[in-house]
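Take the given structure of chain V and dock chain B to it, following the hints.
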Amino acid sequence: MARVVGGIGTSHVPSIGAAIDLGKVGDPYWRPLFDGVQPARKWIEDVKPDVVIVVYNDHASRFALDMTPTFAIGVGEQFASHDEGYGPRPVPVCHGDPAFAWHLVESLVLKDEFDLAMVSEMTVDHGLTVPLSLMFGKPEAWPCKIIPLCVNVIQYPQPTALRCLRLGQALRRAIDSYGPEIKVAIFGTGGMSHQLQGERAGLINAEYDKMWLDRMESDPDSLSRIGHTELLREAGSEGLEIIMWLIMRGALDSAVRRVHRFYHVPASNTAYGLLVLENA
Amino acid sequence: MQSVRQRDYDDIPGTYVFDGERCWKGFSLNMFCKSLDVAANRDAFRRDPDAYLSGFDLSAEQRSAVTQRNWLEMLRLGGNIYYTFKLAIFDGLTMQHLGAAMSANPTSVDEFRSMMISGGRPISGNRSVKEQCNG
Chain V
75 MARVVGGIGT SHVPSIGAAI DLGKVGDPYW RPLFDGVQPA RKWIEDVKPD
125 VVIVVYNDHA SRFALDMTPT FAIGVGEQFA SHDEGYGPRP VPVCHGDPAF
175 AWHLVESLVL KDEFDLAMVS EMTVDHGLTV PLSLMFGKPE AWPCKIIPLC
225 VNVIQYPQPT ALRCLRLGQA LRRAIDSYGP EIKVAIFGTG GMSHQLQGER
275 AGLINAEYDK MWLDRMESDP DSLSRIGHTE LLREAGSEGL EIIMWLIMRG
325 ALDSAVRRVH RFYHVPASNT AYGLLVLENA
Chain B
819 MQSVRQRDYD DIPGTYVFDG ERCWKGFSLN MFCKSLDVAA NRDAFRRDPD
869 AYLSGFDLSA EQRSAVTQRN WLEMLRLGGN IYYTFKLAIF DGLTMQHLGA
919 AMSANPTSVD EFRSMMISGG RPISGNRSVK EQCNG
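Going down the list, the sequences are from chains V and B. Position in the first sequence (first residue = 1) + 74 = my numbering. Position in the second sequence (first residue = 1) + 818 = my numbering.
This is chain V alone, in the form it adopts within the complex (with noise of 0.2 Å):
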């Protein structure tokens, strides 16, 4: 049957992206954030996911004001980077896994009613390709196959917290109940406390991201009562994306063992935050 291996939430901002792709990791800006990031590194490479789920938003790349799906899983067999407007980041095409994805749609729709829109073709963008490049740095391939968790954060309104821990709850439902003996990790992506529009930009929140780290691990139940509007005051209005991590939590027993928390202020505008768990 098919296992979770853990989870990692990590923030997803553009700039890491470019900073790997320029060779920058090493430069006295970037260098506490990717030495913070090493022991998740070390984690993954130990690990070995044959499959990772990865949770995150699309920013006006795939999906635009015309239309905008709540969640959204990718069940093709293939993903490209999309072209920002820098022309695509150069990392490798994401394979996916449509006969694991389908089987997520299936037991996700008919057992515990979440209706994602399952997604053939999509392009993925720094959402997701940033996560893979601070896991997996710069391979020829991905190690692993991806399957996109779409989730609308941008267009208010965004699913709540709760839904989000639900959701990730009844994906791990969806994962246990998958014949093949396959390891899948799930990647929970965004936030931390940042907010990139009008006169209140560049606002860190770093007492307030410092409590979800905590309760990530030891309260999960509590975050996921948030409202939108404290999170849009206190982790900014580009903050509420952290709700995304509660879908990773979601997928995770009660009790989890913390392998690795990191917190680093600024990656450009936002506070990057990183927690990798296993189930205890």
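Heads up, some of the hints might be wrong.
So the derived list for chain V, only partly shown, Cβ under 10 Å to chain B, looks like this [to be verified]:
| hint | residue |
| --- | --- |
| 1 | His133 |
| 2 | Leu139 |
| 3 | Asp140 |
| 4 | Thr144 |
| 5 | Ala191 |
| 6 | Ser194 |
| 7 | Glu195 |
| 8 | Ile228 |
| 9 | Gly276 |
| 10 | Ser298 |
| 11 | Gly301 |
| 12 | Thr344 |
Keep in mind that the hints were calculated from the coordinates and are not lab data. Virtual Cβ for every residue (Gly too), placed ideally from N, Cα, C.
Showing chain B alone in chain V's frame:
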């Protein structure tokens, strides 16, 4: 649209929550920006900005904000930062440039970068308009 409806997020200072009303109001502006993720469109916009903009149903105010690269005004007219940033990428600007341009303080890119390196804009005093006034 219930534009007169009060929202509990309205009192978050300097924050343009991208709700349904803004989606509807800013649709053409944002879709113009979105179109710049296609290389051929970037070339066309570079060749003849006016002609390219005429292909989108922008209001006079929106068009003026785009032409003047008034980043804050674009948000006020329904722009979403992830969309307007595509125009900034076209111009070769970073998110720090936009942060400095949209916020009254700090005003220069270097100051904005320094603020971020020093821990970012503090939450204290910036939670609500009321808190800002008291602060």
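Tested hints:
1. His133: Holds, about 5 Å.
2. Leu139: It holds, given that the least Cβ distance between Leu139 of chain V and chain B is near 6 Å, below 10 Å.
3. Asp140: Holds. Min distance 7 Å.
4. Thr144: This interface hint is violated because 14 Å lies over the 10 Å limit.
5. Ala191: violated, 18 Å
6. Ser194: violated, 20 Å
7. Glu195: The hint is violated - Glu195 of chain V has no Cβ within 10 Å of chain B, the shortest such distance being about 16 Å.
8. Ile228: Given a least distance of 6 Å, the restraint on Ile228 of chain V holds.
9. Gly276: holds, 4 Å
10. Ser298: violated, 19 Å
11. Gly301: Check passed: Cβ of Gly301 of chain V comes within 9 Å of chain B, closer than 10 Å.
12. Thr344: Holds. Min distance 9 Å.
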